[in-house]
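J.: All residue numbers for the sequence shown refer to the numbering used here, where the first residue is 449 and numbers rise by one.
Worth flagging that the hints you see were computed from the coordinates, not collected in a lab.
Check the hints yourself; a few may be wrong.
What the hints assert, rightly or not - List time: in silico SDA-like cross-link candidates among lysine to any residue, alpha-carbon distance up to 20 Å:
#, residue 1, residue 2
1, K560, I576
2, K560, A538
3, K611, G630
4, K560, E519
5, K560, D542
6, K560, R461
7, K560, L622
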Amino acid sequence: MTLVLPAYNEADRIGPALDELLGYLGGEGSGALPPLVRVLVVDDGSTDRTAHLVLDRPEASFPEDAPLRLELLRVPHGGKGAAVRAGMHAGTGDVLVFADADMATPPDQLPKLLAALADADVALGSRIQPDGSDMRASQPAYRRALGKAFHALASIWVVGPVKDTQCGFKGFRLATAREVFGRQVVTSIVFDVELIYLVRRLGFRTAIVPIRWEDRRGSRMRPRPGLALRVVWDLLRIPFLHRRVRP
Numbered sequence: 449m450t451l452v453l454p455a456y457n458e459a460d461r462i463g464p465a466l467d468e469l470l471g472y473l474g475g476e477g478s479g480a481l482p483p484l485v486r487v488l489v490v491d492d493g494s495t496d497r498t499a500h501l502v503l504d505r506p507e508a509s510f511p512e513d514a515p516l517r518l519e520l521l522r523v524p525h526g527g528k529g530a531a532v533r534a535g536m537h538a539g540t541g542d543v544l545v546f547a548d549a550d551m552a553t554p555p556d557q558l559p560k561l562l563a564a565l566a567d568a569d570v571a572l573g574s575r576i577q578p579d580g581s582d583m584r585a586s587q588p589a590y591r592r593a594l595g596k597a598f599h600a601l602a603s604i605w606v607v608g609p610v611k612d613t614q615c616g617f618k619g620f621r622l623a624t625a626r627e628v629f630g631r632q633v634v635t636s637i638v639f640d641v642e643l644i645y646l647v648r649r650l651g652f653r654t655a656i657v658p659i660r661w662e663d664r665r666g667s668r669m670r671p672r673p674g675l676a677l678r679v680v681w682d683l684l685r686i687p688f689l690h691r692r693v694r695p
């Protein structure tokens, strides 16, 4: 299994996040996950010490055949979607997962995603719980309002019944990942929507997995007119980009 963590200028958060993740993978998670786990941090052209903090960790010096290994992939700054795509192309193992580098989704949620992939090609983490409660309630009010507006447009045009497109916790079987990410074009924050559109368009079996999540402050996403225009443009063009895609 490869776990892809896209990171851009995460020097303030990557250390504690890796402490949490690698502590779990080397401890209680070691029996609940595949025998070989590769953690791949994709440095999206960071200008701070993100890359150095990753490479300085002892896990980055483990041999390639170690049960747990930390690796760094440097790519030019191209946005979260581009970083995830690069990591998923470089991933190895039967299952590829990407997660937010701040560990907003705790690592103990990984077994849930992997269990779902036993019967599905794609597992989409969802912050909406079976009882209807939404883990995003802890977000600032403006983020919740923007999220609702975004989902209203995306659900009509692109993603259908998927209620939480932007949860940064998604898993793919290897062959499915190669197919979907090989077709990905969008690199802005809308890339999750494009992935879901492709998964549905190609007819892959999909599982929605309610997960535990908490809002971790420090995001560099700031609402501004240029970003809003990019989001609307990317949403509107997704069906046209893939109009020839068939199952």
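J.: None of the hints should be skipped; say for each whether it holds.
T.: Here is how each hint holds up against the structure:
Distance hint between K560 and I576 is fulfilled; the C-alpha atoms sit about 15 Å from each other, no more than 20 Å. With a C-alpha separation of about 23 Å, the suggested pairing of K560 with A538 is violated against the 20 Å cut-off. Distance restraint check for K611 and G630: the Cα-Cα separation of roughly 25 Å exceeds the 20 Å cut-off, and the hinted pair is therefore not satisfied. Pair hint K560 plus E519 does not hold up; C-alpha atoms about 24 Å apart against a cutoff of 20 Å.
Between K560 and D542, the direct Cα distance comes to roughly 16 Å. Compliance with the 20 Å bound is thereby established for this hinted pair. At most 20 Å may separate the alpha-carbon atoms for a hinted pair to count; K560 and R461 exceed this at roughly 25 Å. Between the alpha carbons of K560 and L622 the distance comes to roughly 17 Å, so the proposed pair stays at or under 20 Å and holds.
When the structure is compared with the earlier hints, violations turn up for hints 2, 3, 4, 6 and for no others.
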